[in-house]
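Model the full assembly from the supplied sequences, consistent with the hints where possible.
There are 2 protein chains.
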Amino acid sequence: MTPAAGPLYQQLASHYGQAIEKNTLRTGMRMPSVRELMRRHRISLSTALQTLRLLEERGWLEARPRVGYFVRGIAVPPLEEVADADLSAPLEAVAGAHPFAGINERISVLVESARRADVKVDLGGATPGPELFDTAWLNKTAIALLREQPNLLAQSRSTATTHPDFQAAMALRALDAGIRVAPHQVLATVGNTEAMHLALTAVCQPGDVVAVESPTYYGLLQGVESLGLKTLEIPCSQASGISLEALDLAVRTQPRLRAVVVVPDLQMPLGTLMPDAQKAALAAFCRTHDLALVEDDSYRPFVEANERPRPIKSWDTSGHVVYCESLNKTLAPGLRQGWMSAGRWHERIQMLKFAQSRNTPAFSQLLAARWVGAPAFERHLQRLRPRLRVQREQAAQAIARHFPAGTRLRLPPGGLSLWVQLPAGVRSSVLFREALREGIRIAPGAMFSNTDRYEHFIRVSCAQAFTEQTDEAYRVLGRLAAAQAAV
Amino acid sequence: MTPAAGPLYQQLASHYGQAIEKNTLRTGMRMPSVRELMRRHRISLSTALQTLRLLEERGWLEARPRVGYFVRGIAVPPLEEVADADLSAPLEAVAGAHPFAGINERISVLVESARRADVKVDLGGATPGPELFDTAWLNKTAIALLREQPNLLAQSRSTATTHPDFQAAMALRALDAGIRVAPHQVLATVGNTEAMHLALTAVCQPGDVVAVESPTYYGLLQGVESLGLKTLEIPCSQASGISLEALDLAVRTQPRLRAVVVVPDLQMPLGTLMPDAQKAALAAFCRTHDLALVEDDSYRPFVEANERPRPIKSWDTSGHVVYCESLNKTLAPGLRQGWMSAGRWHERIQMLKFAQSRNTPAFSQLLAARWVGAPAFERHLQRLRPRLRVQREQAAQAIARHFPAGTRLRLPPGGLSLWVQLPAGVRSSVLFREALREGIRIAPGAMFSNTDRYEHFIRVSCAQAFTEQTDEAYRVLGRLAAAQAAV
Chain A
70 MTPAAGPLYQ QLASHYGQAI EKNTLRTGMR MPSVRELMRR HRISLSTALQ TLRLLEERGW
130 LEARPRVGYF VRGIAVPPLE EVADADLSAP LEAVAGAHPF AGINERISVL VESARRADVK
190 VDLGGATPGP ELFDTAWLNK TAIALLREQP NLLAQSRSTA TTHPDFQAAM ALRALDAGIR
250 VAPHQVLATV GNTEAMHLAL TAVCQPGDVV AVESPTYYGL LQGVESLGLK TLEIPCSQAS
310 GISLEALDLA VRTQPRLRAV VVVPDLQMPL GTLMPDAQKA ALAAFCRTHD LALVEDDSYR
370 PFVEANERPR PIKSWDTSGH VVYCESLNKT LAPGLRQGWM SAGRWHERIQ MLKFAQSRNT
430 PAFSQLLAAR WVGAPAFERH LQRLRPRLRV QREQAAQAIA RHFPAGTRLR LPPGGLSLWV
490 QLPAGVRSSV LFREALREGI RIAPGAMFSN TDRYEHFIRV SCAQAFTEQT DEAYRVLGRL
550 AAAQAAV
Chain B
70 MTPAAGPLYQ QLASHYGQAI EKNTLRTGMR MPSVRELMRR HRISLSTALQ TLRLLEERGW
130 LEARPRVGYF VRGIAVPPLE EVADADLSAP LEAVAGAHPF AGINERISVL VESARRADVK
190 VDLGGATPGP ELFDTAWLNK TAIALLREQP NLLAQSRSTA TTHPDFQAAM ALRALDAGIR
250 VAPHQVLATV GNTEAMHLAL TAVCQPGDVV AVESPTYYGL LQGVESLGLK TLEIPCSQAS
310 GISLEALDLA VRTQPRLRAV VVVPDLQMPL GTLMPDAQKA ALAAFCRTHD LALVEDDSYR
370 PFVEANERPR PIKSWDTSGH VVYCESLNKT LAPGLRQGWM SAGRWHERIQ MLKFAQSRNT
430 PAFSQLLAAR WVGAPAFERH LQRLRPRLRV QREQAAQAIA RHFPAGTRLR LPPGGLSLWV
490 QLPAGVRSSV LFREALREGI RIAPGAMFSN TDRYEHFIRV SCAQAFTEQT DEAYRVLGRL
550 AAAQAAV
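Quick note, the sequences are listed as chains A and B, same order.
The first sequence runs 70 to 556 under our numbering.
The second sequence runs 70 to 556 under our numbering.
Please keep in mind that the hints were generated in silico from the structure rather than gathered at the bench.
Quick caveat: nothing in here was measured; it's all calculated off a predicted structure.
Some hints here could point you the wrong way.
To be verified - Listing some non-contacts, in silico: residues in chain B with all C-beta distances to chain A over 10 Å: (1) M98; (2) L114; (3) I176; (4) S177; (5) R216; (6) P275; (7) G292; (8) T386; (9) G388; (10) E416; (11) Q425; (12) R544.
Unchecked claim - Some chain A residues close to chain B (C-beta under 8 Å, calculated; not the full set): (13) G194; (14) N208; (15) A213; (16) L215; (17) L221; (18) L222; (19) A223; (20) G260; (21) T262; (22) E263; (23) Q323; (24) G403; (25) P430; (26) F432.
C-beta: ideal position from N, C-alpha, C; glycine also.
Here you go:
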């Protein structure tokens, strides 16, 4: 990950860092001693010591006095956890005066300023870098596909929005997750963004209300706004996700509430895992009140657990759950391949998809079908999870090291980012602008709500390899935050 | 095209047919005589005569008594031309009671029944078959691209909806068409369907009115309806396209009219070429009345002319023209690649695209950029046009041969389909169902309007190679139409 350049002790630290990352050296194992390192690599005492100290500093090793260095276990940084908000009531429903004047405007300004900046360290977008994918396998499969089906790129598939091979592969994938979906109920989408857009278009009329988690992924807020719908932000507990108490109040006070959108596993940005009991209760709640429950299941493959959690869809007995998965972050970001199974709204969504963008390219669908069905995909995820865990811990440690007192975070049980609460007085929108000037991109809290209640939060991505430069970026961020806190 | 199988005279006819198609034997050239054929191919007199008669029957040759056989010029079938409708007034504005209850429902039923049928001859979808594309070149370029950019499929491009290489290539393409578009004004889309959807979403509010050509492409009617907008059908002249007289009346009677959508070159399904004066007038009209003019320019590359017509966008001085092009039918249907340049609505449409589907795959964009910029693309179109011309003529001749008296059509100056008027008493929705039972798919007139005024029309595709089986399909269609006409 860290390029093998620079002084010898840095090269050696990278070498061992990678071995830990790849689980060749596992948590709790004893690191070779100073003497062993000297002999093995024919290095001086001082180089051996520098190597071990750097590995310790980067969070790879912990020193046990008079025993030696050991590979670190889960790093819990010495930071307080983020506290839950009041879970008893929903926030005010928000609708822009105009469908493009609220969050869309805000996000566009942020995205545009990031695009124009000379970003050197991108902690903004939480998508794994190309080095975390099996690109050799991907390209080999793509080339094989083009050779086997020479007409693939030139073939029109005007009557079918989704390729039957993709439908079959996703139906199998669903079965694996405990969901029964017939192949014909699988609809290919352009990532998850289109899936959400189709789901909300099918379920709502302009002016209707959509309940979302607070904080939530900004793309969802944009989608809701661009459809002329109202967003109702429902507070989330970090232990169990969306507050059913607040949702219950919302049903009674908002007659035009039509849909609830959730990311039950590794909620974005909180990283919460919704417990099974809560999933079952939420499914029952939506059934009882005839609400569409739109489930974004794109992060479940990143959960650190021996047993994979079950999606809410597996508790759906009435077709109220619209299940969506993006394969962007697990399979290949460049394909923009997603899929959905829309329960009782299937016919209407198929119709809308046909009217709004027709079919997605068969090339991407077939590549996704082959990849997702292959054992290589599970192996890829098994390699990816511990690497991301290490990257999350490295980021958390860097924050603990560099950020001012009063900074809080909770290490999530998986995923691609951290949600960080800054000390009182630090405004993340200011931090965003100042950091960008230093070539560092972060996601300020304002992106995750229509309110300003997350102004003192940032989301940082752990999807890219943690390098010297990343550590330096956290140091700069910490300095900027401290300067604001001191004012 | 016709497979080289069957009796010897059929093989020879195919051989010469292909030579004519490829312009090796050009219009007006004298065909080898009976004696020459006998000597050249060592065949009997009867085989030589059968070969020439089959070529004549298929429309490749014409016999000049006592002189010999000549390669045919443009075949004008002995059919009357379709008459124009009343051009003085728009039709009633139509809005479904519900955004999914009108044309979307109708089209879905048709598409679904075609999908379920065992279609042997598809005259429904007007996209060229894979044999009309340079698939070897496409695949070679795709594989080279994956080898040169091994991270292409695994790379996330979250802040940019359009790849800069694609923007540069399309800006050059636009320049070639007489349009000045800066690279940053190019937005990649999922075919034209998404472009239309984005344009209308940006320009209109639910309940607004969109003027469309009548008849028009059904996908547009679906898109308008699915956005909760009203369609106002404006009659078209076959000589000059959309009626400005009717449009003028529409502006005065429809205060919520916001946009006009046209296919100025090779209007779908009429095949009309809008004259330059009309294009300039329409651009000025929309500027004067502050209407968005959405221009679908996907068919211009199929125009049979030495000089390519200019898009309306080239007369746009105020940014009122939203220019859209799908590369589906010219480049590769499997990529679903389109683009747009949205004039004064650019910022808003970029925002909407980001909110509704993010970026389209870089793989497709880069492949399109290479292809469209290469001389091979122009060569491909130069080969494609005469092949399509021959296929249109073959279809027109088959209709003239097999359809009942009273059938009318006008050979369009290019394109992928024919618009056929059936005799009084023939209902194309019935013909559609009956033909499907025989394994033949056509597009009934009802797909091209929210009214039933095209119930006695069909659109037939000429995008697939014309074979014995195609001829047989026209024979069956003619028989079915005649049976209806006789009742």
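To see whether the hints hold, each was checked on the structure:
no. : hint : result
1   : M98  : holds (31 Å)
2   : L114 : holds (41 Å)
3   : I176 : violated (8 Å)
4   : S177 : violated (5 Å)
5   : R216 : violated (7 Å)
6   : P275 : violated (5 Å)
7   : G292 : violated (5 Å)
8   : T386 : holds (25 Å)
9   : G388 : holds (17 Å)
10  : E416 : violated (8 Å)
11  : Q425 : violated (5 Å)
12  : R544 : holds (24 Å)
13  : G194 : holds (4 Å)
14  : N208 : holds (5 Å)
15  : A213 : violated (10 Å)
16  : L215 : holds (5 Å)
17  : L221 : holds (6 Å)
18  : L222 : holds (4 Å)
19  : A223 : holds (4 Å)
20  : G260 : holds (6 Å)
21  : T262 : holds (5 Å)
22  : E263 : holds (5 Å)
23  : Q323 : violated (21 Å)
24  : G403 : holds (4 Å)
25  : P430 : holds (5 Å)
26  : F432 : holds (6 Å)
Violation of the numbered hints given earlier is confined to hints 3, 4, 5, 6, 7, 10, 11, 15 and 23; the remaining hints are satisfied by the structure.
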